[in-house]
Structures are given as structure tokens and as C-alpha cells.
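Between the sequences and the hints, there should be enough to build the whole structure, so can you do that?
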Amino acid sequence: MKKTNKIRCNSLGRGLLGLALPVLALSVATQSWAGEIRGRVVDSDLGNNLRNAQVTIAGSSNRVLTEQGGSFYFPDVSAGEVTLRVSFSGYDTIEQTVTVPEDGTVRPTIKLRSSFMDEGNVYTLGAFEVQAESYNAASRAVNEQKVAINPVKVVAADSLGNVSEGNAGEFLKLMPGVSLDYVEADARSVRISGLAPQYGNVLLEGLFVPSAGSSNIGTGRTFEFEQLSMDSVELVQLTKTPTPDQPSALSGTVDLVTESALDHDGQNIDYSFGLATNSYYAGLHKSPGWDDQEGRKLYPNYTFKYSNVFNEGKVGVIFGLSHHETIAAQKHTWLWHNGYDDNPDNNDTEVPTYWWMWFQDGPKPTTRENYFARVDFLANDNLKLFARVDHSTYKAKFYNRTMSLRPSSLDLTKEVSKTNQTVASGTVSNESNQFMEKLGDTTIYTMGSDYQMGDLTISTRLNRGVARNWYENLENNHFADYRADISDVSWNWTRPSEGSTDLQFTQLSGPDWRNPSNYSFVDNAMKWYERNSRDEQTTLRVDFTRDLKQKDQTHLLKFGVMFNTRDLEVHRYGSMWTTFTGPDGVLGTDDDPNPGDFVDSNFVMDYDSGSNLNGIRPYSPWKIWDYYLENPGEFVENTDRNGDQRRRNNWYFEEEIMSAYVTDQIKIGKLDIAPGLRYERSKPQGTGWDSVNGRPVTAEGDWTEVLLPYLHANYEFAYDLVGRFSYHESITRADIANLVPGISSINETDREMSANNPNLSEENAKTYYFTLEKYFEPVGLLSVSAFHRIWSDRQITGGETVLGPDGYGGDSSFAGYTLLTRTNATRDVDLSGLEIDFSKQFKNLPKPLTGLGVFGNYTMLDYEDDRFFRGSPKRTANAGVNASIDRFSARLNMNYIGTILTGTSSSYNESTGVWSDSAQPDEFQKERMFFDLNLDYKLSDKLRLFLDARNLTNEDSQYTYRGHESNFVRILKTGTIWKLGVKGTF
Numbered sequence: 004m005k006k007t008n009k010i011r012c013n014s015l016g017r018g019l020l021g022l023a024l025p026v027l028a029l030s031v032a033t034q035s036w037a038g039e040i041r042g043r044v045v046d047s048d049l050g051n052n053l054r055n056a057q058v059t060i061a062g063s064s065n066r067v068l069t070e071q072g073g074s075f076y077f078p079d080v081s082a083g084e085v086t087l088r089v090s091f092s093g094y095d096t097i098e099q100t101v102t103v104p105e106d107g108t109v110r111p112t113i114k115l116r117s118s119f120m121d122e123g124n125v126y127t128l129g130a131f132e133v134q135a136e137s138y139n140a141a142s143r144a145v146n147e148q149k150v151a152i153n154p155v156k157v158v159a160a161d162s163l164g165n166v167s168e169g170n171a172g173e174f175l176k177l178m179p180g181v182s183l184d185y186v187e188a189d190a191r192s193v194r195i196s197g198l199a200p201q202y203g204n205v206l207l208e209g210l211f212v213p214s215a216g217s218s219n220i221g222t223g224r225t226f227e228f229e230q231l232s233m234d235s236v237e238l239v240q241l242t243k244t245p246t247p248d249q250p251s252a253l254s255g256t257v258d259l260v261t262e263s264a265l266d267h268d269g270q271n272i273d274y275s276f277g278l279a280t281n282s283y284y285a286g287l288h289k290s291p292g293w294d295d296q297e298g299r300k301l302y303p304n305y306t307f308k309y310s311n312v313f314n315e316g317k318v319g320v321i322f323g324l325s326h327h328e329t330i331a332a333q334k335h336t337w338l339w340h341n342g343y344d345d346n347p348d349n350n351d352t353e354v355p356t357y358w359w360m361w362f363q364d365g366p367k368p369t370t371r372e373n374y375f376a377r378v379d380f381l382a383n384d385n386l387k388l389f390a391r392v393d394h395s396t397y398k399a400k401f402y403n404r405t406m407s408l409r410p411s412s413l414d415l416t417k418e419v420s421k422t423n424q425t426v427a428s429g430t431v432s433n434e435s436n437q438f439m440e441k442l443g444d445t446t447i448y449t450m451g452s453d454y455q456m457g458d459l460t461i462s463t464r465l466n467r468g469v470a471r472n473w474y475e476n477l478e479n480n481h482f483a484d485y486r487a488d489i490s491d492v493s494w495n496w497t498r499p500s501e502g503s504t505d506l507q508f509t510q511l512s513g514p515d516w517r518n519p520s521n522y523s524f525v526d527n528a529m530k531w532y533e534r535n536s537r538d539e540q541t542t543l544r545v546d547f548t549r550d551l552k553q554k555d556q557t558h559l560l561k562f563g564v565m566f567n568t569r570d571l572e573v574h575r576y577g578s579m580w581t582t583f584t585g586p587d588g589v590l591g592t593d594d595d596p597n598p599g600d601f602v603d604s605n606f607v608m609d610y611d612s613g614s615n616l617n618g619i620r621p622y623s624p625w626k627i628w629d630y631y632l633e634n635p636g637e638f639v640e641n642t643d644r645n646g647d648q649r650r651r652n653n654w655y656f657e658e659e660i661m662s663a664y665v666t667d668q669i670k671i672g673k674l675d676i677a678p679g680l681r682y683e684r685s686k687p688q689g690t691g692w693d694s695v696n697g698r699p700v701t702a703e704g705d706w707t708e709v710l711l712p713y714l715h716a717n718y719e720f721a722y723d724l725v726g727r728f729s730y731h732e733s734i735t736r737a738d739i740a741n742l743v744p745g746i747s748s749i750n751e752t753d754r755e756m757s758a759n760n761p762n763l764s765e766e767n768a769k770t771y772y773f774t775l776e777k778y779f780e781p782v783g784l785l786s787v788s789a790f791h792r793i794w795s796d797r798q799i800t801g802g803e804t805v806l807g808p809d810g811y812g813g814d815s816s817f818a819g820y821t822l823l824t825r826t827n828a829t830r831d832v833d834l835s836g837l838e839i840d841f842s843k844q845f846k847n848l849p850k851p852l853t854g855l856g857v858f859g860n861y862t863m864l865d866y867e868d869d870r871f872f873r874g875s876p877k878r879t880a881n882a883g884v885n886a887s888i889d890r891f892s893a894r895l896n897m898n899y900i901g902t903i904l905t906g907t908s909s910s911y912n913e914s915t916g917v918w919s920d921s922a923q924p925d926e927f928q929k930e931r932m933f934f935d936l937n938l939d940y941k942l943s944d945k946l947r948l949f950l951d952a953r954n955l956t957n958e959d960s961q962y963t964y965r966g967h968e969s970n971f972v973r974i975l976k977t978g979t980i981w982k983l984g985v986k987g988t989f
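Heads up: the sequence shown runs through residues 4 to 989, numbered per my numbering.
In case anyone wonders, no lab produced these hints; they're calculated from the structure.
Positions of the beta carbon are idealized from the N, C-alpha and C atoms, including for glycine.
One or more hints might be untrue.
Simulated pairs of lysine-lysine, DSS-like, Cα-Cα distance not exceeding 25 Å [as the list claims (entries may be wrong)]:
1) Lys929 <-> Lys308
2) Lys626 <-> Lys398
3) Lys941 <-> Lys850
Cβ pair distances, simulated, as ranges [claimed, not checked]:
4) Phe307 <-> Asn912: 42 to 52 Å
5) Leu511 <-> Asp753: 51 to 61 Å
6) Tyr899 <-> Asn750: 46 to 56 Å
7) Tyr899 <-> Pro104: 28 to 38 Å
8) Ser290 <-> Gly874: 30 to 40 Å
9) Gly697 <-> Arg754: 15 to 25 Å
Structure representation (C-alpha cells):
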């Protein structure tokens with residue numbers, strides 16, 4: 004098997020230590036305790052401490068960035084008067100002179116005035132506070148981006164409006180080069196720069212976050228956002244060109260930076276309360292719900308956050324809680340199994356036949372809760388400590404009722420077109436689709452310290468996180484699935500035009516499908532699901548930073564180590580089957596149950612498609628369950644199959660990752676250059692299922708090691724114009740589902756076996772990134788970026804490797820066997836992209852443009868072949884405008900996702916580098932455009948009224964098609980989510 008970038012651990016470890024030890028030794032050897040400056044930079048109007056302000060000793064290259072709490076530190080400063088120059092994007096740059104004692108500390112507090120506040124101008128209370136919030140949020144983000152050594156997109160969590168449901172994914176969708184994978188209305192995972200979700204990292208405070216992955220081993224390394232809240236996040240940093248101190252990932256890293264009380268001055272209490280609903284269910288009246296009861300579709304939402312600083316600013320405490328409850332529709336029209344002939348040349352004119360027409364209606368209520376607390380402690384001038392806990396929960400009920408029409412044959416004597424087809428014989432089903440409640444929780448404990456000793460800073464971070472996911476159905480007094488059929492039915496369907504969902508059905512023969520009593524429960528019709536998973540991760544990192552100042556240049560030397568352990572277990576038994584037979588225990592006899600006895604009198608199906616199948620009543624899983632409790636003998640469980648499902652569908656995975664890095668950020672005049680190296684060493688171990696011998700199988704992978712070079716360079720052409728270049732190499736480790744051992748088949752004659760590959764190598768990439776950034780006063784940015792990525796060692800199917808003397812899973816009897824498995828490709832794939840990003844907050848505009856702000860970004864990706872990047876759009880764009888007029892403010896955001904190739908039946912030949920022709924047209928996701936709206940009115944100094952709308956125009960959440968847009972496969976409408984409430988502070 005091909006291995007890349009593999010080196011010996013001992014030699015590498017010595018090399019990194021050889022680079023790091025002189026840094027540390029030099030730091031200790033050169034300490035001198037002359038005078039020092041320890042100060043703080045604050046917002047003069049709002050009192051907030053400003054992090055990452057630039058503080059420079061005038062006339063020298065001695066510059067530092069303020070840290071948490073707005074603090075800064077200059078050690079070993081010559082006694083006498085020193086002038087400090089302080090700048091922060093969006094604030095007036097000032098100079099302040101302090102007197103440094105010969106052997107002591109001076110502690111200035113430097114107050115910066117927002118450029119938004121012009122001297123002599125008078126602002127009304129509502130106008131100032133509403134506009135200043137948007138302005139200062141943009142200032143923080145632009146400043147973070149400007150001072151970074153690498154190209155990074157930073158957005159303040161409160162700068163783009165209220166985040167729907169507190170879901171971090173809904174926030175990320177507005178960032179350049181990002182697209183989301185949705186499950187119905189839930190943002191689940193993120194794609195960065197055209198690569199699938201498993202190729203990116205999601206971090207919290209620079210540390211790994213656990214993800215239980217919907218109880219699916221196939222989720223692998225994909226992080227799912229459903230269980231992570233935005234409510235305690237202050238900044239979101241999107242890095243596509245990471246620095247050596249960040250864990251490696253092919254596409255990039257999302258790092259969520261949380262809030263500290265030390266960033267504020269004194270006590271702050273913020274709260275909100277509102278009611279949410281959906282455009283499909285809005286109103287004060289009661290209506291059928293997802294369950295067997297009627298209810299009002301108004302759901303409470305609230306947040307509360309308290310922060311305060313005690314003991315003369317040495318102790319900061321912040322804690323909060325949130326509850327987000329919404330309801331989304333799940334109105335599906337799905338034309339599955341489009342039939343095509345074997346000729347790939349007539350796809351443009353061929354009329355497909357539809358072998359499964361599926362209509363679904365299912366309200367989906369979702370509840371997210373978050374509780375967090377953080378304590379910061381300034382032990383002394385040199386030592387800062389903090390501890391934090393974050394607990395999030397997720398609950399979603401997806402109770403889907405469906406009607407399915409499954410043609411067996413068409414009447415070819417009648418018209419067969421895209422608007423008219425006649426079915427000679429088929430089956431109609433009234434069924435449910437995974438009536439379940441999905442639950443999960445994530446708890447993360449984090450602690451850290453920062454210790455300064457002269458120009459050396461030692462930072463430690465430690466976290467432990469546990470994420471769980473599980474599903475409930477029988478626990479909620481119902482089966483998950485039922486199915487009742489009418490067979491040997493014929494019908495005709497028509498629609499007014501190609502692509503219309505207004506499907507009109509005329510039944511030609513067979514029992515009336517609108518009469519629930521005409522159906523019969525099928526074999527294994529009653530099902531339930533048993534799924535749960537748990538992911539536990541622990542991460543420790545220690546970073547050493549040495550800030551060396553010389554007359555003509557400065558060095559910021561960094562060295563660090565990180566250790567991560569992961570313990571994942573997944574139990575996904577699929578569907579458990581039982582047959583509703585009636586008293587005699589045999590299906591198909593006179594005493595079979597009549598589905599008409601279990602009609603749901605509370606719910607009527609409406610698919611919002613125009614189809615005349617609307618109005619059919621489903622069956623009630625709760626009535627079926629009540630009958631089961633009274634008559635359990637009339638249900639015959641498929642015990643053999645269910646037992647086999649429970650035995651074979653268990654996976655256990657462990658992984659250790661050890662890493663170290665070294666980098667030196669050198670500043671020479673207007674040039675910043677930062678070369679670096681990162682070393683990562685990892686080893687997987689897993690337990691899966693041997694289907695041949697019917698037993699668990701455990702295997703360890705080999706230790707793999709990589710050495711990754713980095714280079715970042717910035718040049719300041721002018722104070723407001725910066726050019727950036729980055730090069731880095733990166734890896735993403737093999738999918739967990741492929742590393743967990745599992746044997747599918749064994750051919751003893753040919754000495755071959757089909758199985759997973761615990762020694763599957765990581766995938767690699769080399770990325771070149773160019774950026775030009777233009778900064779505007781008072782707050783604004785225009786950046787143009789271009790990148791090129793070479794993707795190598797892709798995971799592919801159909802590989803072969805010969806097993807060594809240890810065989811497979813420790814079983815030496817398989818030594819010398821040929822393992823048929825996934826392996827790494829030998830051909831590289833290229834990806835290039837162009838990104839344009841613009842944002843600006845305006846001031847001094849005449850009414851009604853006072854307080855106007857805009858942002859927009861556009862991403863264009865060029866794939867070597869779209870089929871390597873299925874699921875990722877080539878074009879994305881976002882735009883938004885916010886405006887404030889006296890007490891009223893408004894924000895409108897737009898999110899555009901271009902056409903996406905979602906599926907192809909073509910296959911790629913790695914040997915020849917040629918794709919095969921496909922008789923089936925490729926499947927695409929239609930381009931979509933979503934709008935979100937935030938309205939805000941200031942009632943008083945401490946209270947505001949707000950109205951939020953997500954997916955304002957009820958754009959299709961999903962619209963997939965084959966070949967042409969008119970030949971749709973799946974259309975999903977989820978409705979507009981509205982929220983009305985108040986928010987305030989005191």
C-alpha cells in the first residue's frame with residue numbers, strides 16, 4: 004500500500020526538540036528585570052475591553068497585541084518616558100505617554116474612541132446603541148483578521164443578526180467558500196472550499212469537539228452541528244490556510260472562540276424571550292400536531308446571560324442558558340427510481356418512467372438547549388487561569404406520514420410522457436417513515452492557563468468532551484414504522500407541465516385507495532429502531548511563545564505539543580421487524596387486523612404540492628401500540644433477523660494523536676514571514692464484525708507519522724493594503740468506517756478476502772493561497788483570494804494489498820491473503836478557487852441611510868472534474884444589508900448556493916484516468932437562494948422588540964433532479980420559521 008510523508012518518530016522528535024530547546028533556553032538565559040509596562044485597552048464609550056489591539060512603543064519595532072481582558076505587557080523597558088501608540092480597526096488611533104520606573108511597573112489604561120462617534124455629534128439613545136452594536140461587532144472581526152499572520156475570515160457572533168435556533172451551522176453559511184449539508188431544515192455539517200465535511204476540523208477554543216454522529220459509523224470524521232450551540236460563542240474564525248499550531252485538515256478549520264467576562268467592564272445581564280412558529284402552522288388556534296394531539300404551534304424561546312468582574316478585575320464570571328424550540332415542515336414530493344434505458348446518448352430526449360412516487364407530510368419540532376459557565380482568575384501579573392463547562396442538548400421528533408405509489412408495469416398502449424403516464428398494475432401504500440425522536444447531548448469541560456515570564460509565555464489548554472446520541476420510538480408508546488398496502492391497482496397520473504408537482508391521480512381499478520379499510524398490513528409491517536452512540540475525546544495542548552524584539556526586526560517563536568485521544572462506540576441495529584398477524588399468528592387469513600380500525604382521526608396529510616392525494620388520513624402508531632399492549636400475541640417478532648442485527652451492527656473505535664509544531668513569525672519592516680513545521684503521529688484501533696465467521700474482530704492499525712511544512716508571508720504595501728501568501732501541506736485521516744475492521748467474504752481457493760482496511764493511509768493535499776486585502780475607514784474590508792490545491796492519496800474502492808505475517812485482525816491464518824479493500828489513489832486531483840469578500844459599515848450618511856452596513860462574498864471553484872467533488876457547489880454567494888433609523892434597525896441576509904452535482908452512475912478507472920459513460924443522467928441539486936430577516940425596535944433604554952424570519956420566501960430546502968430541472972427527483976418544503984419576542988439588558 005502506498006505511504007506518503009512517513010518518517011521515523013525518534014528522528015523527528017529529536018529534530019523538533021532541537022529546534023525548540025534553544026528557543027526556551029535563550030528565553031531563560033536572557034531574562035532581565037528592568038521596568039515593565041502592564042496596561043489595558045478599553046472602549047471609552049461602552050467600557051468593553053479590546054482584545055488584539057496593536058500597542059507599539061513609538062520609535063521601535065516593539066509591538067504586542069492585547070490579550071483577553073484587553074491587557075498588554077512590555078517587559079524589560081528602559082526607564083523614562085515612553086510613548087505608546089495604540090490602534091484598533093474602527094477606532095481612532097491614539098498615542099499616550101507613560102513614565103517607566105527603573106525597577107517597577109507602570110499600569111496605564113488606554114481608552115480608544117470608536118470612529119463611529121464623531122466629536123461634537125449628538126446621538127439619540129436608540130440611534131447610538133443600535134448602530135454602535137453592529138459597528139463594534141464589525142470592528143472586532145476586521146481587527147482580528149488584520150492582525151493575523153495567515154489569511155483568515157473572522158466574524159463576530161453578533162455581527163450577522165440573530166442565529167436561528169442557536170445552530171452554529173446557520174451562522175457559517177454566510178461565510179465565503181462555505182456550504183452546508185442539511186437534513187430537512189437542520190444545518191448538520193459544513194463544506195469548506197469544495198471538499199466534503201469530513202475534510203474539515205471544527206474546534207472549540209482550539210481544541211477538538213466530540214460528535215456522536217447520528218449513531219452512524221459512516222458519519223466518520225464529519226462533525227455534526229446539531230448538538231453545538233452558538234449562544235456562548237464570541238467569534239468564529241474560518242481558516243483555510245491554517246498555522247502549524249492548528250490540527251491538520253485538508254479543507255480548513257472552523258474555530259469557535261467563547262466569551263470571557265474579563266472582556267467586559269462590571270456587571271452585564273442580557274436576556275431574551277420570544278415565541279416561534281412556522282408559516283405552515285402559524286396561528287393561535289389549535290391544529291393537528293406531530294403526535295396524536297392537537298395543539299397551538301407557538302413555541303417558547305429564551306436566553307439568559309450574566310457576567311461580572313470581581314476583586315478589582317481579577318475574577319470574571321459568566322454563565323448563561325438558552326432554550327430554542329421551533330417547528331419545521333417536512334413536505335416531500337419524491338419521484339424515486341426514475342427508469343432509463345441503457346443508451347447514454349438519448350438522455351436529453353428519453354422519457355423516464357417513475358417506479359416509486361412518494362408523498363410525505365410530517366411536522367418536525369426541534370428543541371435545543373445550552374448551559375455554560377466560565378470563570379477567569381488573574382492569579383497575579385504573570386498567571387491567568389480559567390475553567391469552563393458547556394452542556395448542550397438536542398431533541399427532534401420526525402413523525403412522517405407518507406403515501407407511496409409503486410408501479411409494476413405501464414400501459415404502453417396509452418400516452419407515456421413526462422406529463423401523462425398510465426400504470427397497468429401497481430401497489431399503493433399508506434405508511435409511516437421512521438416515527439422517531441432523535442436525542443443527544445454534548446458536555447465539554449475546559450480549563451487553561453497562561454503564564455508569562457519576561458518575553459516567554461506558556462499556555463496550556465485541557466478539555467474533555469462527551470457527546471451522546473440516541474433514538475426513541477417504543478419508549479414514546481409507538482412503533483416507528485407501519486405499512487399497509489393495496490395491490491393490483493391501476494391508475495393514470497397527469498400534470499399540467501413538465502416539472503410540476505401538481506400531480507393529479509385517477510384510479511382506474513382496484514379498491515378505493517382513499518378508504519383506509521381497503522388496505523392490508525404487510526409482512527414485517529411494524530418496525531422500531533435501536534440506535535445509540537457515544538464519542539469521548541480528551542485534548543491537551545501546551546504552547547510556548549517567545550517574543551523577541553530587536554531594533555530592525557522581531558521574532559515570535561512558537562513551539563507546542565498536542566495530545567488527543569478518542570473513544571467512539573456506535574450501535575446501529577437498523578429496523579427491528581414484527582408482523583401484525585391477528586389472533587392466529589398467521590398473516591393472510593380471515594382474522595387479519597383491519598387497518599381501518601387504527602385510522603388517525605387527528606391528522607390529514609397535506610404535501611403542499613397541489614396533488615389530489617392530499618386529504619388522505621394516515622394510521623395512528625399510538626392506536627397500534629395500545630392494541631399491542633393489550634394483545635401482544637397478535638404480533639410475531641422476526642427474532643432471527645432482529646437478533647442478527649443486534650449482534651453485527653456494533654462498532655468500537657479508538658485513536659491516539661500526538662503532534663508537535665515549531666514556527667517563527669519574523670517581522671522585518673513591512674514584511675511578516677512565518678515558516679513552520681508540524682508533526683503528527685496517530686494510531687487507530689477498532690472492533691467490527693466478521694460476517695463470515697459470525698464474530699467480532701479487532702485490529703490495530705500501524706502508527707503513521709507525517710511532517711507538514713508551512714509558510715505564511717504578509718507584506719504591508721500601505722497601512723490599508725496587505726498582500727498575503729500561504730503554502731501548507733495537510734492531511735485528513737482515513738474514514739473511521741474504513742479503519743474499523745470488518746470481514747465481508749473469504750475466498751480460500753484464491754486466498755482472497757474482502758474486508759475493511761485498518762492500515763488505510765491518510766489523504767494529503769498541498770495548498771497555495773494568495774490574498775490581497777484592502778481596509779477601509781472607519782470599518783471595512785475588501786479581499787480577493789485565489790488558491791490552488793493538489794489532492795493526493797484519495798480513498799478509493801477496488802484496491803488490493805497483500806497481508807503480512809500477522810494476517811488480519813491478529814489472525815495469522817490470513818497471512819499472504821490478498822485483501823480486497825479500500826485503498827489510496829495514485830492519481831492526484833486538482834482544485835482551484837477564487838473568493839471575493841467585502842464588508843463595510845458607513846457613517847455620516849444622511850437619513851434614512853444612517854447606520855448603513857453591507858457585506859457580500861462570492862466564491863467560484865474550478866474542479867478538475869465535478870464527479871470527484873459530488874455534493875459541493877461550484878458557485879456560492881452571500882450578501883446582507885443592515886440599517887438603523889432612530890430606534891428601528893433591520894437586517895436582510897441572502898445565501899445563494901449554486902447547482903450541485905449530487906450523484907452519478909459513471910465510474911472512474913484509476914489506471915486509465917477515464918470516466919465511463921453513464922446510461923443514467925447525473926443527479927443535481929438545483930441552485931437555491933435563501934433570505935433571512937431580522938427586525939429590531941428599541942422600546943426603551945433596556946428593552947427591544949424583535950422579529951426574525953428564517954427562509955423568508957419558503958425556498959425549497961431540497962430540489963434534486965436528473966438531467967433537466969423539470970425532471971425532479973425530490974422536492975422538500977420546510978416553511979418559514981418566524982420568531983417574535985423581546986430582548987433586553989440590565
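Comparing the hints with the structure gives:
no.: 1; hint: Lys929 <-> Lys308; result: violated, 41 Å
no.: 2; hint: Lys626 <-> Lys398; result: holds, 24 Å
no.: 3; hint: Lys941 <-> Lys850; result: holds, 18 Å
no.: 4; hint: Phe307 <-> Asn912: 42 to 52 Å; result: violated, 59 Å
no.: 5; hint: Leu511 <-> Asp753: 51 to 61 Å; result: holds, 54 Å
no.: 6; hint: Tyr899 <-> Asn750: 46 to 56 Å; result: holds, 51 Å
no.: 7; hint: Tyr899 <-> Pro104: 28 to 38 Å; result: violated, 59 Å
no.: 8; hint: Ser290 <-> Gly874: 30 to 40 Å; result: holds, 36 Å
no.: 9; hint: Gly697 <-> Arg754: 15 to 25 Å; result: holds, 21 Å
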